[in-house]
Amino acid sequence: MITQSATQAIEVTINGTTYRRVVESRQLLVHFIRDTLGLTGTHIGCDTGSCGACSIIMNGKLVKSCMLLAPQADGAVIETVEGLGNDGELSTLQESFRDHHGLQCGYCTPGMLMAATYLLRNNPSPTEEEIRRGIKGNICRCTGYVNIVRSIKAAADSTQAELGDSVAKEVSK
Amino acid sequence: MLLKSVEYVRPDSVAQAIEILESNEGAALLAGGQSLVNILKHRVASVDVLVDIASLEELRFIETHPDGSIEIGACVTYDELDHSEVVRSNHEMIAWVASHIEDQQIRNRGTIGGNCCLSDPTNNLPPLLVSMDATMNIQSSKGMRQVRAEEFFKGYLMTAVQPGEILKSITVPRVPSDVGIGYVSLSVGEDSKAIVRSSAWVQLNDVIQDARVVLARVAPVPVRYQPMEEALRGSSATPEDIARAASLIGSDFEPVADSHGSSEYRREMAQVVAKRAVLEAVDKVRGEGGSK
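Protein chains in written order, with my numbering: chain A, 1 to 173; chain B, 1001 to 1292.
Chain A extracted, bound-state conformation (with noise of 0.2 angstroms):
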């Protein structure tokens, strides 16, 4: 059980990396992450759980991090925007936007690379219409969002192909 209390002692790991802080029982995940932590990737939009923009993936689960206490937190496994990359090399999917332009504004852009690392974990080849199921959680106020749907199109494509090329050296060799 973890005692009653309006502070908590909470252990989180982000990205592999444990933090252990004590934090006051009403701070929002999203504000821990980013004030306590300095973790700014994650961004806070609209603070009522309705634009995405501070998405992260918390025990494997896409979730929006404004949308939970950090006391909920206590134990869990994080994943966020910074570390999609690997040793400044950007991942598949970040590329991607890259290379199709896939931003508007560009404030949901941590949000909407989050929830497409997700959707893609879940379903590799998605069509569009579940690319945009996907992205649901992270309509903002722009429209249209053609350019992202086409980056997350295009990774998941390039992902099955190097995959493709793979089982065929395997089944080269």
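Since the hints were made in silico from the structure, they are not lab data. These figures come from a predicted structure and were not determined experimentally. Each hint should be verified, as a subset may be incorrect.
[Claimed, not checked] Now the in silico label distances, taken between C-beta atoms and shown as ranges: (1) B:Q1162 <-> A:G38: 38 to 48 angstroms; (2) B:G1068 <-> A:D87: 50 to 60 angstroms; (3) B:R1043 <-> A:T13: 26 to 36 angstroms; (4) B:R1043 <-> A:C142: 23 to 33 angstroms; (5) A:E130 <-> B:E1085: 15 to 25 angstroms; (6) A:G88 <-> B:G1068: 48 to 58 angstroms; (7) A:R132 <-> B:S1251: 34 to 44 angstroms; (8) A:T7 <-> B:V1086: 32 to 42 angstroms; (9) A:T3 <-> B:E1230: 50 to 60 angstroms; (10) B:S1251 <-> A:T7: 48 to 58 angstroms; (11) A:V77 <-> B:M1001: 18 to 28 angstroms; (12) A:V22 <-> B:E1268: 49 to 59 angstroms; (13) B:Q1162 <-> A:R21: 32 to 42 angstroms.
Cβ coordinates follow ideal geometry from the N, Cα and C atoms, glycine included.
With chain A fixed as given, assemble chain B onto it according to the hints.
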């Protein structure tokens, strides 16, 4: 800070959660938090202690009973309902409705128990569960008691759950092969808040044997519309029969008006969605609509 200061506790069992509720008048249960956290941000409810039950295994199960009914723990998320083989095999409409709630992030956190216990008239699962004649299993320190879904929703943000009680699970009867369920919403945007909604459970042989037609957002809680059900019983379920039955929906409701629709508009649209829900249910039994 958006929220006023609040204590947080994560009990290890339902029994422990009940003890905490009993000894703290200002305590509230926190499950997925997809509504409650916003309510707390807006400071429209005063909560002293948040009792986080989201990860209690006792509330996170889906099982089949020998009579073909399924029992769903209160903290099963919408996404889990959508992906459950048990739910999909005979209670597919529950999975379908769960998969059309808002967005992926909300479906990953929001729970069936929270969707019911908030008793927000726009919530998706209450009308479906009333139409399927579900039973709500409520636990307290005195033991378990059962309340039919139809009796569970008491008013806007009010349910049969009393102080010191927890909705533990929901039991949904088997769906017989001669039953179809239709669920139709008129909403502001796809998978978004409904302006008006209907869920229809229809048992059909040559004629309609039985029907439960539930309307949502015409009243503070989902309501079965008995005049329409009576008109449907014994009818041969032609589109004309169904339209005639739906046209009975009228002045007995005074839906709340808002920027998305006047009271009058909601009443008219209630006829449309109820008709379409029954048509969908009938099509499913007759094998024209595929899954139920």
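Structure versus earlier hints, numbers of those that do not hold, lowest first: none
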